[in-house]
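Q: Just so you know, the sequences run in chain order A and B.
Counting from 1, one number per residue, gives the positions in the first sequence under our numbering.
Counting from 335, one number per residue, gives the positions in the second sequence under our numbering.
One thing to keep in mind: the hints can contain errors.
[To be verified] Mimicking DSS-like on lysine-lysine, the simulated pairs with C-alpha atoms at most 27 Å apart in a straight line are: (1) K407/B with K558/B; (2) K585/B with K419/B; (3) K143/A with K208/A; (4) K602/B with K39/A; (5) K108/A with K602/B; (6) K462/B with K246/A; (7) K247/A with K473/B; (8) K421/B with K576/B; (9) K473/B with K145/A; (10) K300/A with K286/A; (11) K472/B with K407/B; (12) K143/A with K602/B; (13) K384/B with K499/B; (14) K39/A with K62/A; (15) K473/B with K564/B; (16) K33/A with K499/B; (17) K564/B with K39/A; (18) K95/A with K108/A; (19) K419/B with K246/A; (20) K108/A with K208/A; (21) K289/A with K155/A; (22) K33/A with K146/A; (23) K531/B with K247/A; (24) K421/B with K246/A; (25) K208/A with K33/A; (26) K247/A with K185/A; (27) K558/B with K246/A; (28) K247/A with K576/B; (29) K62/A with K289/A; (30) K195/A with K108/A; (31) K146/A with K472/B; (32) K481/B with K421/B; (33) K472/B with K145/A; (34) K564/B with K499/B.
[As the list claims (entries may be wrong)] Listed below are several chain A residues computed to face chain B (Cβ distance under 7 Å; list not exhaustive): (35) L38; (36) L43; (37) L124; (38) L153; (39) A157; (40) S161.
Calculated directly from the structure, the hints in this document are not laboratory data.
On a predicted model such as this, the values are computed, not experimentally measured, just so you know.
We put the beta carbon where it would ideally sit given N, CA and C, even for glycine.
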Amino acid sequence: MKFNIILISFILFISAITIKKGVQLKYPDYFPKPNYDLKNNPLSNETIALGRLLFYDAILSKNNTISCASCHSSYNAFAHTDHSLSHGINDLIGKRNAPGLMNLAWHKLFMWDGAINHLDMQALAPINHPKEMGESMNNIVDKLKKKHPYPTLFKRAFRDSIITGENILKALSQFQLCLISAESKYDQVKKNRKKFSDQENRGYVLFKTNCNFCHTEPLFSNYTFANNGLAIDSTLNDFGRWQVTKKSTDSLMFKIPSLRNLSYTYPYMHDGRFNTINQVINHYTKGIKQSANLATELKKGILLSSNEKTDLIAFLLTLNDSAFVFNLNFAYPK
Amino acid sequence: MGFCVFNKLNIINLKNNYFKSYLVKSKSSKHLLNIFRNNLNRLIQTFAKKYLVLVLLLFIYVIFSAFYLSKPKTIILFFIPCFGKEKLVIDKNYYSEIISDSISIQSLRFYVSGIYLLKNGKSIYQTKNQCNLIDISKKLRIEINTKSELDFDCIQFNIGVDSSKQVSGVMGGDLDPMNGMYWTWQSGYINFKLEGKSNICNTRNNIFQFHIGGYQSPNNTIQKIMLPVKNETNIIIRFDIKNFLSQIDLKNVNEVVSPSYKSVQISKQYANIFSIE
């Protein structure tokens, strides 16, 4: 009797643990701990699939023409390459270049100026027009309720058939959290599966002395804000972080982007002003504009010979992750 | 089993004590008492063995009834919107002497969080993680379920969403961003939202809009409110929009819709329009 009871409770206990565990984010052990708290939004395969469907569905826009993927294409590491400034549904978005979406679980704040404080809340920004908050999110719920197969998918994912704003946003987050880029050549080297060439090794050394302070390994950003000496574009007058905090010390500070997948995410910088990695490197070596908020690491400028530039670029190219870009699990759902 | 062993040990202990203190007493009386004690001992043991289940049940019953005797109690906060002495109704025209013009209100909603009940300045009850959206056209009451009868003389609450909730991602219910109380282009809840019309406003359709929020210093707009109350089940809290608007130069200040220094000032102004009926 006693033995039986112990056995049964043991089995129940184990199954409870395994059921609760669900899906985990998969990332290499040299990545830091993610910033996103999965406790409030535990991953499940159903929810991830639902999020993917929503991400690719133009139903999220007012006139059913634009989806998240219109500006964040999987083949561009989820950036927008046709336009230096993404054009779309609201004037604010029209001022900036769409960044690639990867390793979002490690970001602390979102957008070039950090205006969004949580991944869940991010989708509201493209979905809603600033001065008509709340209204179109309600519309989306109504539209989804009527569109097959969403009601069943929501039921499967969240165990209640009511489609809510909360659940839409949680599903979108779950899909985006899965967009982890960790299979580049750099990663293969880290995992001892490949070796850098001599040139890439030289570039790695240059990278560590000049860039790693901001574009910190292994995510290639520390996700803070900095002024990297870009001259202000007077047609845009985008003051970056200042627009959120209104602190003068934040003027012209922008979120440091990751350098993974650069070959796919051109054009570069918050306003997409550079089309090639070469132009970016030239900016760092001779284009830095001095200003009060310029990062101290860049005040003296970065000195690189033309050989060193090619070495550095060779290293940066090892951060391209074609396995990520062509991952069928992230592409348009068939 | 354990029960019986415990009893036995206890009785042996008692016996020892008895020997120590009554050493001077006569042998015969000691003997008699000993017989009595041993019998009692056996009696308790057999009783405990036979009725072990019964005793346990009794024990559980006592504990449970102790919990249930303290009946849970519901305290209800009623929020009553007013315009001066009148009750405030949506879209109705009210006259304000201060601006010598009429005013109507289209929407009015705000968050109430961090509710405390206090006695002599000490917190005796606090709501856990509760954040309620009060909306003049939908919901004007908050229920507080306490575990037991409470004795309080003061209520404290915040107008606004506390900062921990501001950064913890999407939530449902009253905090669902669909409620139109969330800024989408820059994260943060709108703590207090008042929209209306007055001819004094030189704006499109004479509209005035106050979307007051912001949770980061120096533009933190969450406001703590403390009101002395009677120890009653229904707490009726009036808030006077006429009083609020009379503190504002409506002709010049009629659109405050993002976190700023001005929002903080306005949050202080609506913080003092609450009173207990």
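Q: Which numbered hints turn out to be false for this structure?
A: 3, 4, 5, 6, 7, 12, 13, 14, 17, 19, 21, 22, 23, 24, 26, 28, 29, 30, 32, 34, 35, 36, 38, 39, 40
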